[in-house]
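Starting from the known structure of chain A, arrange chain B with the ligands on it as the hints suggest.
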Amino acid sequence: MFSMSALLGLLSQKFILRAMLVGVLVSLCASLLGVSLVLKRYSMIGDGLSHVGFASLAISMALGWAPLLVSIPVVVISAFFLLRINNQSNDSAIKGDSAIALISSSALALGIMITSLTKGMNSDVISYMFGSILTLSQSDVIVSIVLSLIVLVLFIVFYNKIFTVTFDENFAKATGTNVSLLNSLLAILTSITIVIGMRIMGTLLISSLIIFPSLSSMRIFKKFKHVVISSSIISVFCFLLGLILSCLIEIPTGASIVVTNLTVFIICHIIGKTIK
Amino acid sequence: MSLLSCKNLSMSYDNNNALTDISFDVDNGDYLCIVGENGSGKSTLLKGLLGLMSPISGEILFGDNLKPNEIGYLPQQQSINRSFPASCFEVVLSGTLSKKGLIPFYNKHDKARALDAMQKLNILSLKNKSYKQLSGGQQQRVLLARALCATDKLLIVDEPTTGLDPLISSEFYKLIHKLNKLYGITIIMTSHDINSLTKYATKILHLKNNVQFIGTYDEYKNTEIGKTFLGGISHV
Ligand SMILES: Nc1ncnc2c1ncn2[C@@H]1O[C@H](COP(=O)(O)OP(=O)(O)OP(=O)(O)O)[C@@H](O)[C@H]1O
Ligand SMILES: [Mg+2]
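Line order of the protein sequences matches chains A and B. Counting in numbering that gives the first Met the number 0, the final residue of the first sequence is number 275, and the numbers go up one at a time with none missing. Counting in numbering that gives the first Met the number 0, the final residue of the second sequence is number 235, and the numbers go up one at a time with none missing.
Everything labelled a hint here was simulated from the structure, so no lab data went into it. Errors might be hidden in some of the hints.
Distance condition first, Cα-Cα at most 27 Å in a straight line; then the derived DSS-like pairs of lysine-lysine [said to hold, decoys possible]:
(1) B:K126 <-> B:K107
(2) B:K226 <-> B:K173
(3) B:K126 <-> A:K272
(4) A:K221 <-> B:K131
(5) A:K224 <-> B:K99
(6) B:K107 <-> A:K224
(7) B:K131 <-> B:K107
(8) B:K220 <-> B:K180
(9) A:K224 <-> B:K131
(10) A:K222 <-> B:K119
Pulled out of the complex, with its shape left as it was, chain A reads as follows (with noise of 0.2 Å):
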């Protein structure tokens, strides 16, 4: 079905080459963070960020302005905003679930609705919304390729303060961390990590890439640092695979992705089944 030449001819092809860069970075940034944000509950809030990144994006296209400048710290604000309700939820009137469903589904309105007020945008929705390697342009590539660098080098660096605080924020605080500066640190490095794969993955997809590589792994591994690991080799996996699977048979690249993820998740969830 799919010859070795579509294959060679599709890696030949400059723009395929530079997303799949961008792609494999933002894969491993958002798997390791998922990571976290999967054990502390916060699966969510990465969907709401990106409809808030959706919408962002939207305005600023609407306005002309550089897309990333605009979302990356619209993004950042609202991400602080879901955390500080996440933690506050036990005792405030809107608990934190149905606060990140009312901001995720008002901000993905907005967007819509600036998209399709704005001339010339319609046919764009569709690849916001599922994801598309062509709208990265030659500035894009290399303002993602450094801030995934970036979110990639403070994980490593943080990397056993974030396991601490992960594992019992109480502890960790107890002990002298500095929690609330870490909870931030991850809030912003997923915003920046949301910002950049959302035009790859689509605004609707790009949470499963923080998600699915994780849960993929703890089917199967037991150890912190096995997860980690195994969880971005599963994600970059999960993309490359997704994303030659997009370009062959012309569907969506967050779409393909997201399918390739589920398949591997079931694989790894029937392996950790039958190892038990």
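Okay, now just chain B with the ligands, sitting in the frame of chain A:
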């Protein structure tokens, strides 16, 4: 000076006073047991001592060169996600992190310290086991080892044996006693377990939103309030 002293400490949750005017001292080598009914403010006091919550008035002073990041803490079990994927060694090792300041990675010394803590609590054999697959009692020992990595001086323990069976509980208290006696670590503990309290505590703080009693265990058992609280058990 005392290892830790509370002076006229008051703490509250949005205008609900949980603790008013608490004063007491803890000396090096003490085994202080904080007792009181449910809702009497025991956990709140520990949160204050650990800096998890700031008091509305009064102060907490650390003496003997004790720094706030040199306190070991064993939280109540329910605050931890029991299905967390981590090996016991990873969990214990994370206890050494607080002393490392800006240094991001563990060195040989930290690893040796973690192994030493596990050895003291007889859980070396669990080193590579997965935390979530342990029994409640084993998990509790792992968390105690982690706390031990964070301190040589003061261990703060909140109801350590909730949900453990009596035999495991009494072994757990024995371990804490050993840390106190053998290694000179000061213990501040809340507990509803009267048996362990009568056996090991040297000091008692009885709370009911304020201090009902503070003093040695021997004094406590002869006071009216002490007799009532210790109830049937001490006469058995
Ligand atoms: N998060 C909270 N928000 C509001 N009030 C709280 C909170 N935690 C505790 N309280 C209140 O503060 C008071 C003291 O609670 P605390 O948890 O310190 O009691 P405790 O002595 O530890 O009880 P227990 O034996 O049940 O553990 C109680 O009246 C409680 O209702
Ligand atoms: Mg309590």
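Evaluation of the provided hints:
Simply put, K126 of chain B and K107 of chain B have alpha-carbon atoms about 16 Å apart, close enough for the 27 Å limit, and the pair holds. Restraint check for K226 of chain B and K173 of chain B: the C-alpha separation of about 24 Å stays at or below 27 Å, so the hint holds. Annotation: proposed proximity of K126 of chain B to K272 of chain A holds, straight-line Cα distance about 24 Å (limit 27 Å). A C-alpha spacing of about 8 Å is found between K221 of chain A and K131 of chain B, which places the hinted pair at or below 27 Å, so the restraint holds.
Between K224 of chain A and K99 of chain B the CA atoms are separated by roughly 20 Å; this keeps the pair inside 27 Å, and the hint holds. With a C-alpha separation of about 18 Å, the suggested pair K107 of chain B and K224 of chain A falls inside the 27 Å cut-off, and the hint holds. A distance of roughly 26 Å separates the Cα atoms of K131 of chain B and K107 of chain B; the hinted pair therefore holds under the 27 Å criterion. Annotation: proposed proximity of K220 of chain B to K180 of chain B holds, straight-line Cα distance about 22 Å (limit 27 Å).
Only pairs whose Cα atoms come within 27 Å are accepted, and K224 of chain A paired with K131 of chain B is accepted, the gap being roughly 15 Å. Between K222 of chain A and K119 of chain B the alpha-carbon distance is near 23 Å, which keeps this suggested pair within the 27 Å criterion.
When each numbered hint is compared with the structure, no violation occurs for any of them.
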